[in-house]
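**Q** Sequence:
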Amino acid sequence: MEIVRNQPEVLANRRGVTFSLVLPSGKVTCVIALKALETYFWLEPRASDTDVLRTFQNGFVRIRAVAERAFRARPATHLKLAAKDFARL
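Here the sequence shown stands for residues 1 to 89, numbered as in our numbering.
Please note: incorrect hints may appear among the correct ones.
Unchecked claim - Restricting the straight-line Cα-Cα distance to at most 25 Å, the calculated cross-link-like pairs of lysine-lysine (BS3-like) are:
#, residue 1, residue 2
1, 35, 80
2, 84, 27
3, 35, 84
4, 27, 80
Please keep in mind that the hints were generated in silico from the structure rather than gathered at the bench.
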């Protein structure tokens, strides 16, 4: 899967970070919930946008892997990644 080189952004409602992946079937817009970043990537509650994006970038390899797995399980043009998606079973 190829990554679109656009910048991730914190959502206006501060509930997540949006980013995109390019797949053979087209572009997929993804959102990872801030709660997932707090729970699995050690983001401090009420962190600044800069800290949110830094945490996202630092965890991007894992976030991308989870997004790819989620897409294979439920193909869609929009994916929402919640904390439960990062829990190891």
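**Q** Against which earlier hints does the structure fall short, listed by number upward?
**A** none
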